[in-house]
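There are 2 protein chains.
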Amino acid sequence: MVLSKACTYGILASLYVARESSRSNGYVSIGKMSEKLHISFHFLTKILQELTSAGLLTSMKGPKGGVALKRDAGKITLLDIIIAIDGMKVFTECLLGMPGCGTEKPCPVHDEWAEIREDLYETFRSKTLGETVQKIEELDLRFALPELFDR
Amino acid sequence: MVLSKACTYGILASLYVARESSRSNGYVSIGKMSEKLHISFHFLTKILQELTSAGLLTSMKGPKGGVALKRDAGKITLLDIIIAIDGMKVFTECLLGMPGCGTEKPCPVHDEWAEIREDLYETFRSKTLGETVQKIEELDLRFALPELFDR
DNA sequence: TATATTTAAGACCAAATACTCTTAAATAAA
DNA sequence: TTTATTTAAGAGTATTTGGTCTTAAATATA
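In order, the protein sequences belong to chains A and B. For the first sequence, the working numbering begins at 1 and goes up steadily by one. For the second sequence, the working numbering begins at 1 and goes up steadily by one.
Because the hints were derived from the structure by calculation, they are not lab data. Note that the structure is a prediction, hence the values are computed from the model and not measured.
Only some residues are given here: those of chain A computed to face chain B with a beta carbon under 7 Å:
| id | residue |
| --- | --- |
| 1 | L96 |
| 2 | I116 |
| 3 | D119 |
| 4 | T123 |
Glycine is no exception: its CB is placed at the ideal position from the N, C-alpha and C atoms.
Based on the sequences and whatever the hints tell you, model everything.
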């Protein structure tokens, strides 16, 4: 798996928050979100705490509480979410796990992998939550997990 | 991590076997290989057993025993090794973990990821052990892990 | 044939990841 | 001010992956 589960859940949840707050512009309830996305409430809460402490979300306790984007949806990229949860390692690690692999002393597949992971980086860097939500609405894409499936 | 550790070890070991057998054309000792590559003997043995039962290697017990490529080094690709150990999932899974994600009902990053993983597939499919070993020799690339490092 | 050497097989242990549960703290609203 | 609601924090559990260890089976060679 390229991204951890926590990270994919973080992305889906961020998209959900971006979409909801473009509608209601208040805090989005984690409980409701966990039901809609079919992600365990407690696990989701923990992931969102990471995004909050990374400065991507803000939260409020109590009735009417929840989480909200800290910046505008057009100013948060999918890359921001990934770095907050999984870190930069996806974009820096050697495909064959060789420490210190780089242009000076490359592994046998360094050049090809470096190019591919650069593409991946660029893909995430250029996608904001705002644009992505717009695309989801326009094309009627799903971003919730199905109710039950083999994990 | 894109490939499992077992898979990266399997690739490094296969390259080692390809290189050795181009020199000595007998069986390559797993014990010696594990020392040279700095991979635990027992773990490496287990991985090589998978490659053997997948039909990529043959093995012989006893003194002078070891493993050897079953086909010519030019007829085994890195993709063969990856599929034998990690399966096809790297090349088929949705980046956001959404089951059933595909062209009909794509996730928000399906198109980009599908293209990137296709590149990855093609990279591995087009690299044989033979060519890769040749490249290693020509450019003096390393393919052993360092003696000690943080794992 | 006896012995040393080597892979095969599988039980076992450790670490990381994925997930759950309980309790505390904050806050809106009655 | 009390209460219900909601996030925060962190301990606890389950599953997967990574890695070790022991014993059996095969075989070259003395």
